[in-house]
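Trainee: Starting from the known structure of chain A, arrange chain B on it as the hints suggest.
Number of protein chains: 2
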Amino acid sequence: MKSQFLPVLAIDLGGTKIRTALISNKGKIMAKEYSLTLASEGLEAMMGRMLSGIDRLLSLKNLAPFQLHGMSIAAAGAIDSEKGLVTSSPNLPGWHDVPVRDIVRSKYKVDPFLINDASAAALGEHEFGAGKGVNNLIYLTVGTGIGGGIIIDGKLYCGVSGSAGEIGHMTIDVNGTRCNCGNTGCLEILASGTAMAKEATRRIKQGEGSSLTKIVEGKIENITAETVEFAARGGDYLALEVISKAATYLGVGMVNLANIFNPEMIIVGGGVAKMGELLLEPARRVVQERAFKLPAKAVRIVPAQLGDDSGLVGAAVFAFQQKI
Amino acid sequence: MKSQFLPVLAIDLGGTKIRTALISNKGKIMAKEYSLTLASEGLEAMMGRMLSGIDRLLSLKNLAPFQLHGMSIAAAGAIDSEKGLVTSSPNLPGWHDVPVRDIVRSKYKVDPFLINDASAAALGEHEFGAGKGVNNLIYLTVGTGIGGGIIIDGKLYCGVSGSAGEIGHMTIDVNGTRCNCGNTGCLEILASGTAMAKEATRRIKQGEGSSLTKIVEGKIENITAETVEFAARGGDYLALEVISKAATYLGVGMVNLANIFNPEMIIVGGGVAKMGELLLEPARRVVQERAFKLPAKAVRIVPAQLGDDSGLVGAAVFAFQQKI
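Residue numbers (my numbering), protein chains in the order written: chain A, 151 to 474; chain B, 151 to 474.
Just so you know, the hints here were simulated from the structure itself, not pulled from any lab data.
Watch out, some of these pointers could steer you wrong.
One-sided and incomplete, this derived list gives chain A residues near chain B with beta-carbon spacing under 10 Å [unchecked claim]:
(1) F155
(2) T237
(3) S238
(4) N241
(5) S311
(6) S313
(7) A314
(8) I322
(9) N325
(10) T327
(11) N406
(12) L407
(13) F411
(14) M415
(15) K447
Since the structure is predicted, the reported quantities are computational estimates derived from the model, not experimental observations.
Don't be surprised by glycine CBs; every beta carbon is placed ideally from N, CA and C.
One chain only, chain A, in its complex shape (with noise of 0.2 Å):
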């Protein structure tokens, strides 16, 4: 058995970035850096960066693999963690069945352990984040996607084929616009990052007024979750509305996950919940006028505590719960 005193280096394969870290079984990160991911330049360059940063990484500290606890890697896709795989991924195009655990162990000699990016997120915030010490929880990222990571009895739940959690593609508008998914009306297209910057560019192409306007120096499809938010934060009244608008369709996922799950918490994370209470506070408000009274009561909706940090120290959380 390897020893807990070992770091475990986590990586964490995003659509922007490949972050990796090395981290202590505290939850302490010890060493940490990133490459941009450029997925649209290829697999193989992918996998290179990803590789150099393990490396640059591991040199940083003059450690050897087997120094390490273990590998493990965060990814932004579905995973079969039986065969190694990243089988697709919204935000990485291209990417079918790609053997990540293959490529690493080819190189280093040790197997990492695979982990969907939202659930290792989930792991990351119930031990060493807004989570600590509450059994049941949902985890919810809020990005240019929405996905989600489910804590029941204080472990994760990963379902009969581990693809549980997938919270975004949970239909609330059954007559709604098709999503990427295939399914309909899908939470994420109402309340992602994507779906509001949608929503904004949609209304000033139809002629409404708004200072995102001149923020894109007139490049409306350069608009962003992020403008949005800025906009909004200056007091724009289509900025403001087009966020309240993508809460009230985030509270209402809430309401479904309340009723179902009776959870004690819902934290929310991802780039888009740096809103912070300009995205809590209507879904909150949703929660108490549409839930049950009991899990409407019990439920508290907070903001994730590591930032862009959680996915990492989740996939490092997962390697050091796994028996090896």
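Mentor: Okay, now just chain B, sitting in the frame of chain A:
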């Protein structure tokens, strides 16, 4: 500790019937009887009928309360198990904080267990019905309303305040009509037996032809899910469409459950589930079309096996699982 070889006296307190049974730890029903609920006659009369039912069953088998492993009540409503109350019940109008436990205790000097009826049915089906040996499953009861029970890691999942499993009150049509629960576009108002009867009635009132009109002898206010089923089995187009539409909504609810829980099985019980494949076939198709591949492939959608007894049997299972 009470012997596991004594039977449990189980009570199913439903909107239509009060059913009582003596049940062994192998799930065998040794004696069973029922009376009508007649909730409209008031609380006291109804509790009187429940107590008489218990008395008849005890005297039939010549048993005293101390010769039972315990008593266990499954009730259609929200349970406060700490205080022993049925706090509210959609199908038992006028019920608010009814001290069912005290009522039973004061007569028999026995503290009965209390459990929500859909949760009980989930337990019953998991131990002795369609879900035997299945570790992760969702039980859905489709009748007047839609309820649910969740089995995770072989155990009933209750949530932090014991109210988990309100699957019927998941919004799937955010722009839809208001539900009695205060939420909007709930699965229950789109796919329950009540929803089917309402939809058929609405369409006939608007002038559409259907054999249903003849079946209810012109009294279209008498249309129920049962008459809709009867008409559908006779090939009635409108009835078939109404069922197919409700089944599609039910399928959408199951897509959400599949994506979120990635369960091994979804079991469908309750009065309307007697429609069998008429209901399950379209629902299964929707799941295959819209859910993520892994959970769609993994989930088996099957009818309940214990019929009207799943709640009774589950109440007994619940009692046998408690430490007493």
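Trainee: Look at each hint and say if it fits the structure.
Mentor: Against the structure, the hints come out as follows:
Annotation: F155 of chain A was flagged as interfacial toward chain B, and the flag is violated, the nearest CB pair being 30 Å apart, outside 10 Å. Against a cut-off of 10 Å between C-beta atoms, the interface hint on T237 of chain A holds, since the closest Cβ of chain B lies about 8 Å away. With a cut of 10 Å, the hint placing S238 of chain A at the interface with chain B holds, because the nearest CB-to-CB distance is about 9 Å. The beta carbon of N241 of chain A is not positioned within 10 Å of any beta carbon in chain B (closest approach about 15 Å), and the interface hint is therefore violated.
Below 10 Å, beta-carbon pairs count as interface contacts, and S311 of chain A has one with chain B at about 5 Å; its hint therefore holds. Look at S313 of chain A: its Cβ gets to within about 4 Å of chain B, closer than 10 Å, so that hint holds up. Because the smallest distance between the Cβ of A314 of chain A and any Cβ of chain B comes to about 4 Å, under 10 Å, the interface hint for this residue holds. This hint holds: I322 of chain A has a C-beta 5 Å from the nearest C-beta of chain B, less than the 10 Å allowed.
Interface restraint check for N325 of chain A: the shortest CB-CB distance to chain B comes to about 7 Å, inside 10 Å, so the restraint holds. With 10 Å as the threshold, the beta carbon of T327 of chain A stays out of range of chain B, its nearest partner Cβ sitting at about 13 Å, so the hint is violated. Interface restraint check for N406 of chain A: the shortest CB-CB distance to chain B comes to about 4 Å, inside 10 Å, so the restraint holds. At a threshold of 10 Å, the smallest CB-CB gap from L407 of chain A to chain B is about 8 Å, leaving the interface hint in force.
Because the smallest distance between the Cβ of F411 of chain A and any Cβ of chain B comes to about 6 Å, under 10 Å, the interface hint for this residue holds. With 10 Å as the threshold, the beta carbon of M415 of chain A comes within range of chain B, its nearest partner Cβ sitting at about 9 Å, so the hint holds. Because the beta carbon of K447 of chain A sits about 7 Å from the nearest beta carbon in chain B, less than 10 Å, this interface hint is met.
Of the hints listed earlier, those the structure fails to meet are numbers 1, 4, 10, in rising order.
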